[in-house]
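Produce the entire structure from the sequences given, and follow the hints as far as they go.
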Amino acid sequence: MDFELNMEQREIVKAAREFAEGEFDPQLAMELEKAHQFPFDIRKKACQLGFIGIHFPEEYGGQGYGIFENALIVEEFCRRDSGIGSAVVLSDFSSEIIMRFGSDAQKKAYLPKVASGEYISGGGYTEPDHGSDITFMNTTAVKDGDTYVINGSKTFITNGGIARFLIVLCQTDENASPTYRGQSTFIVPTDSEGFEAVEIEDKMGLRMTSTSEIYLNNVRVPAENLIGKYGRGFYQVLEFFDESRVEIAAQALGIAQGALDRAVAYIKERSQFGRKIAAFQVNQHKAADMATRVELARLIVYKAAWNYDKGRIDPVLTSMAKMTAGRTAVEVCDEAIQMHGGYGYIMENEVERFYRDAKITEIYEGTREIQKNTIASTLVGRFK
Amino acid sequence: MEKIAVWVEHRQNEIRDITFEMLGKAHQLVGDGGQVIALFLGDPSQKGLLDKITPHAHRTVAYLDSNLKDFEPLRYQAAFADIFEKVDCQLILMGQTAFGMDFAPAVAARWEIPFTTDIVDVEVDGGLIAVRQMYSGKVSAKVSLKEADKMLCTVRAGAFPAEDLPTVSGEVQEITGAVEGDFSARAFVEYLEAAVGDVDITQADVIVSVGRGIKDADNIPVAQELADALGGVVACSRPVADKKWLPKERQVGTSGKTVKPKVYIALGISGAFQHQAGMKNAGTIIAVNKDPKAPIFGIAHYGIVDDLFKVVPALTEKVKELRGWGNSDK
Amino acid sequence: MDIIVCIKRVPETAEADLVIDASKKAIDTDGLVFSINEWDNYAVEAAIQLKESVGGTITVISVGPEENNEVLRRALAMGADEALRLTDPAFEGSDAYAMAKILAAAVKDIPHDLILTGVQADDDGFGAVGVALAQMLGLPYAALVTDIQLDGETLTVHRELEGGLEEVDTLKLPALLTIQTGINEPRYVSIMGIRRVARKEIGVKGAGDLGLSEEAVGAKGSLSRIEELFFPPVGEGAEIIEGTMDEKTEALVKILKERGGIA
Chain V
91 MDFELNMEQR
101 EIVKAAREFA
111 EGEFDPQLAM
121 ELEKAHQFPF
131 DIRKKACQLG
141 FIGIHFPEEY
151 GGQGYGIFEN
161 ALIVEEFCRR
171 DSGIGSAVVL
181 SDFSSEIIMR
191 FGSDAQKKAY
201 LPKVASGEYI
211 SGGGYTEPDH
221 GSDITFMNTT
231 AVKDGDTYVI
241 NGSKTFITNG
251 GIARFLIVLC
261 QTDENASPTY
271 RGQSTFIVPT
281 DSEGFEAVEI
291 EDKMGLRMTS
301 TSEIYLNNVR
311 VPAENLIGKY
321 GRGFYQVLEF
331 FDESRVEIAA
341 QALGIAQGAL
351 DRAVAYIKER
361 SQFGRKIAAF
371 QVNQHKAADM
381 ATRVELARLI
391 VYKAAWNYDK
401 GRIDPVLTSM
411 AKMTAGRTAV
421 EVCDEAIQMH
431 GGYGYIMENE
441 VERFYRDAKI
451 TEIYEGTREI
461 QKNTIASTLV
471 GRFK
Chain S
396 MEKIAVWVEH
406 RQNEIRDITF
416 EMLGKAHQLV
426 GDGGQVIALF
436 LGDPSQKGLL
446 DKITPHAHRT
456 VAYLDSNLKD
466 FEPLRYQAAF
476 ADIFEKVDCQ
486 LILMGQTAFG
496 MDFAPAVAAR
506 WEIPFTTDIV
516 DVEVDGGLIA
526 VRQMYSGKVS
536 AKVSLKEADK
546 MLCTVRAGAF
556 PAEDLPTVSG
566 EVQEITGAVE
576 GDFSARAFVE
586 YLEAAVGDVD
596 ITQADVIVSV
606 GRGIKDADNI
616 PVAQELADAL
626 GGVVACSRPV
636 ADKKWLPKER
646 QVGTSGKTVK
656 PKVYIALGIS
666 GAFQHQAGMK
676 NAGTIIAVNK
686 DPKAPIFGIA
696 HYGIVDDLFK
706 VVPALTEKVK
716 ELRGWGNSDK
Chain R
83 MDIIVCIKRV
93 PETAEADLVI
103 DASKKAIDTD
113 GLVFSINEWD
123 NYAVEAAIQL
133 KESVGGTITV
143 ISVGPEENNE
153 VLRRALAMGA
163 DEALRLTDPA
173 FEGSDAYAMA
183 KILAAAVKDI
193 PHDLILTGVQ
203 ADDDGFGAVG
213 VALAQMLGLP
223 YAALVTDIQL
233 DGETLTVHRE
243 LEGGLEEVDT
253 LKLPALLTIQ
263 TGINEPRYVS
273 IMGIRRVARK
283 EIGVKGAGDL
293 GLSEEAVGAK
303 GSLSRIEELF
313 FPPVGEGAEI
323 IEGTMDEKTE
333 ALVKILKERG
343 GIA
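Protein chains in written order, with our numbering: chain V, 91 to 474; chain S, 396 to 725; chain R, 83 to 345.
Quick caveat, the hints were computed from the structure, so don't treat them as lab data. One thing to keep in mind: the hints can contain errors.
The calculated DSSO-like cross-link candidates involving lysine-lysine, where the alpha carbons are at most 27 Å apart (straight line), are [claimed, not checked]:
| hint | chain 1 | residue 1 | chain 2 | residue 2 |
| --- | --- | --- | --- | --- |
| 1 | V | Lys-376 | S | Lys-685 |
| 2 | V | Lys-135 | V | Lys-198 |
| 3 | V | Lys-319 | V | Lys-198 |
| 4 | R | Lys-254 | S | Lys-533 |
| 5 | S | Lys-638 | S | Lys-610 |
| 6 | S | Lys-685 | S | Lys-638 |
| 7 | S | Lys-705 | V | Lys-104 |
| 8 | V | Lys-134 | R | Lys-133 |
| 9 | S | Lys-447 | S | Lys-464 |
| 10 | R | Lys-254 | V | Lys-135 |
| 11 | S | Lys-638 | V | Lys-134 |
| 12 | S | Lys-655 | R | Lys-336 |
| 13 | R | Lys-282 | S | Lys-688 |
| 14 | S | Lys-688 | V | Lys-366 |
| 15 | R | Lys-190 | R | Lys-133 |
| 16 | V | Lys-462 | V | Lys-293 |
| 17 | S | Lys-481 | S | Lys-533 |
| 18 | R | Lys-302 | R | Lys-287 |
| 19 | V | Lys-376 | S | Lys-688 |
| 20 | R | Lys-106 | R | Lys-190 |
| 21 | S | Lys-639 | V | Lys-135 |
| 22 | V | Lys-104 | S | Lys-713 |
| 23 | V | Lys-135 | S | Lys-638 |
| 24 | R | Lys-302 | S | Lys-685 |
| 25 | S | Lys-610 | S | Lys-705 |
| 26 | V | Lys-293 | V | Lys-124 |
A partial selection of chain R residues facing chain V, derived with a Cβ cut-off under 10 Å [what the hints assert, rightly or not]:
| hint | residue |
| --- | --- |
| 27 | Thr-95 |
| 28 | Ala-96 |
| 29 | Asp-99 |
| 30 | Ile-102 |
| 31 | Arg-155 |
| 32 | Arg-269 |
| 33 | Ala-280 |
Think of the CB as a built atom: it goes at the ideal place given N, C-alpha and C, for glycine as much as any other residue.
Here's what the structure looks like:
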């Protein structure tokens with residue numbers, strides 16, 4: 091066992107930190123947050139420096155590293171700013187489905203453009219009637235000559251309003267048994283006729299990220315936009331979740347560390363009753379507990395990422411990592427606000443924003459409850 | 396210490412202030428019976444400048460050569476080599492200035508003269524102990540120099556007051572220089588005056604100055620709004636000008652402008668000595684900084700230890716109220 | 083054009099609480115984050131920009147322990163071609179003069195048209211190594227450089243003087259320049275850069291390799307020595323205004339009114 095980052099990984103962390111410190115400005119973050127704007131310029135720079143798509147193969151515009159290195163960048167970016175960090179690191183969301191299951195032509199057509207910053211990607215899995223249950227899709231894709239005709243709707247789609255294309259999970263065979271064996275994934279360009287994205291306004295957090303409802307009304311995509319094998323969509327998406335949950339876990343880890351950083355800085359700076367509040371044992375103990383929680387989360391997130399890069403699919407471990415990191419983020423942010431007192435409760439304060447941005451990590455890519463189901467079903471078997 | 400030589404620094408036909416500061420300290424160090432020697436290199440046409448020096452040195456060595464009008468290190472070294480043996484002194488002082496930083500280390504290396512740079516104090520007690528700062532002024536260091544016939548220190552501008560310079564009846568030793576050789580490897584071309592901007596910060600009564608703590612160009616308006624409310628102008632410290640968040644002509648400090656407003660408000664400025672040199676004579680200095688140990692608090696009259704992004708908008712609001720500008724009708 | 087850049091690894095102290103260690107001659111660096119000296123980072127960028135315009139190679143050199151590989155690798159990832167680390171127990175306690183001797187011994191063996199250093203270092207702030215190095219090598223040099231133009235074998239540089247004034251000088255190559263902050267905008271390290279140099283070896287040389295005797299370097303070969311560190315006296319200092327934000331700003335308004343701060 092080796093708990094140390096290797097030289098390149100340390101350099102990646104440092105490069106990500108320098109970039110985030112140089113570019114993620116707190117005032118700018120507040121303005122973007124208020125205006126519900128995606129940080130396009132920062133993302134473009136991040137892409138030019140190779141931070142986005144670091145885990146894509148070199149021949150497809152990536153840097154050939156694993157999801158571990160990607161997780162390190164996600165952590166550093168979100169640590170510096172929960173809003174800008176989350177928006178930027180999720181701008182390649184779901185491209186991994188093309189990377190893992192797509193044809194060479196699909197990879198060539200899309201991945202380099204995502205990595206270079208030209209394209210933003212997203213994934214359409216969740217449907218209005220059934221959130222975390224993806225075993226049956228109301229969205230259908232029907233073959234018509236050289237094309238597929240897609241109809242249906244999706245909701246809570248990250249990057250829905252700004253993506254160049256989405257990976258959409260569709261029911262291609264409504265009679266398949268079990269139903270999930272009749273699902274396939276497609277690359278759907280967002281400029282397709284019949285495609286409509288309606289922004290979901292006023293979210294609790296993630297306000298720099300676009301989240302949309304998607305309407306697909308007779309959207310035609312070429313048959314070559316089918317990803318991988320017909321009828322394998324469900325399995326592809328499940329496997330992708332194993333990867334994406336690590337990324338979300340790293341996002342949560344970074345947010346937690348960022349909140350801890352700010353809490354520690356604050357108690358060293360703020361005076362009450364004639365001394366720094368860091369001198370009070372209650373605050374020292376809080377900081378100690380928070381730091382311990384963050385370190386525990388880091389251990390399991392790193393392990394999950396490392397394990398994935400070893401080529402092992404382990405939904406139990408990734409679910410544990412996401413659940414742990416998400417809870418840690420919410421609880422550490424909560425305590426950080428508590429330590430800031432009234433100042434932590436106002437919108438000008440970063441910890442307030444971190445708290446709101448942290449909460450989503452317990453919801454999307456499978457709620458905490460879904461993660462528990464995954465873990466429990468392996469532990470004790472599935473009860474019907 | 397009996398004999399100390401002070402390098403007379405001049406540029407564009409003016410003696411630079413650092414020269415008098417060093418002369419003052421030299422007199423203090425040599426005490427009664429000691430000798431302060433002024434070393435002057437220049438063009439014969441600049442001889443008039445000596446009138447300001449000779450009353451304050453026991454002896455002035457003036458090396459005059461038509462090739463020495465402007466500073467060029469290779470020529471200066473050649474000239475200094477001519478008189479090095481003739482200057483009988485234990486310590487040479489030069490300024491830690493654009494001149495001294497370009498010249499002193501080379502002189503020290505060439506003649507293996509024990510030296511240290513940027514001193515803010517010096518004691519002579521047996522050996523020589525120089526005091527200089529490290530870590531941007533957060534720590535001071537006592538530095539000793541190896542024993543030798545001659546030693547050299549460069550002196551921080553403003554470290555010693557130039558007031559009450561003793562007047563002595565000094566002799567002048569003129570040497571007609573004969574600097575010869577090919578010095579084209581480094582040649583002086585011209586001076587470039589600072590660009591004149593739309594705002595002349597040296598003329599303002601109120602200056603709101605921003606440092607690294609402003610964090611981004613996008614935040615300059617936070618300071619501008621306060622300056623507008625006060626009827627003042629926005630200036631900055633070096634890091635802000637380096638990052639081009641404000642033009643160079645707004646920079647206060649050694650390499651920028653020296654200002655003397657009635658009120659100077661330093662926002663997020665740590666207060667490196669180079670910055671202090673440019674604003675320490677302001678009537679009232681108010682500093683806002685999150686770091687209670689920031690050196691700026693050592694020179695400010697009033698301080699607030701807090702986030703400038705909390706203090707400044709609140710202050711701006713209050714000033715506007717006072718002026719009856721209420722937020723709504725602006 | 084072949085360029086050598088001398089870089090230093092220094093602790094970031096701007097926002098840290100410093101502690102003087104038991105020897106009283108150094109600060110306690112435990113818990114401090116180290117990075118490339120700010121001035122040197124501008125020097126590395128200046129070298130890369132020159133290389134991008136006229137071609138050539140860049141070698142970065144740093145004196146210090148294995149940890150210094152960090153800043154060397156960072157410079158490689160930014161765009162330098164070769165890196166050399168100079169290390170030896172005999173180098174301990176070197177002042178600016180001894181440091182210049184070590185660097186002089188190393189650069190003699192490396193082809194160079196131009197040597198760049200930072201004006202000074204964040205930590206000791208001597209501002210002397212670059213110029214002393216030029217003198218030892220017999221190279222023309224300029225300190226406090228804020229602009230570089232290359233025309234054949236001639237450099238035209240701007241030097242930063244006091245009061246916003248600049249000086250224009252010409253230098254003949256080979257030459258040495260000490261680089262002032264603000265001369266350029268140093269680039270970020272890219273992942274491509276890190277990957278490109280991942281397997282790059284960093285050369286290591288000790289006193290013996292450089293033909294330096296133990297007496298010539300380190301404390302023995304130095305002309306000055308730190309005797310004691312202490313915290314500068316705080317002086318009178320500012321009257322710190324305390325209270326709620328409302329009370330603080332109210333007090334400030336009062337001071338501003340009294341002192342002519344509301345023009």
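Results of checking the hints against the structure:
no.	hint	in the structure
1	V:Lys-376 to S:Lys-685	holds (23 Å)
2	V:Lys-135 to V:Lys-198	holds (22 Å)
3	V:Lys-319 to V:Lys-198	holds (18 Å)
4	R:Lys-254 to S:Lys-533	violated (39 Å)
5	S:Lys-638 to S:Lys-610	holds (10 Å)
6	S:Lys-685 to S:Lys-638	holds (21 Å)
7	S:Lys-705 to V:Lys-104	violated (30 Å)
8	V:Lys-134 to R:Lys-133	holds (25 Å)
9	S:Lys-447 to S:Lys-464	holds (18 Å)
10	R:Lys-254 to V:Lys-135	violated (38 Å)
11	S:Lys-638 to V:Lys-134	holds (21 Å)
12	S:Lys-655 to R:Lys-336	holds (21 Å)
13	R:Lys-282 to S:Lys-688	violated (42 Å)
14	S:Lys-688 to V:Lys-366	holds (14 Å)
15	R:Lys-190 to R:Lys-133	holds (21 Å)
16	V:Lys-462 to V:Lys-293	holds (25 Å)
17	S:Lys-481 to S:Lys-533	violated (40 Å)
18	R:Lys-302 to R:Lys-287	holds (19 Å)
19	V:Lys-376 to S:Lys-688	holds (25 Å)
20	R:Lys-106 to R:Lys-190	violated (36 Å)
21	S:Lys-639 to V:Lys-135	holds (19 Å)
22	V:Lys-104 to S:Lys-713	violated (42 Å)
23	V:Lys-135 to S:Lys-638	holds (18 Å)
24	R:Lys-302 to S:Lys-685	violated (42 Å)
25	S:Lys-610 to S:Lys-705	holds (14 Å)
26	V:Lys-293 to V:Lys-124	holds (11 Å)
27	Thr-95	violated (16 Å)
28	Ala-96	violated (13 Å)
29	Asp-99	holds (9 Å)
30	Ile-102	violated (20 Å)
31	Arg-155	holds (6 Å)
32	Arg-269	holds (9 Å)
33	Ala-280	holds (5 Å)
When each numbered hint is compared with the structure, violations occur for hints 4, 7, 10, 13, 17, 20, 22, 24, 27, 28 and 30.
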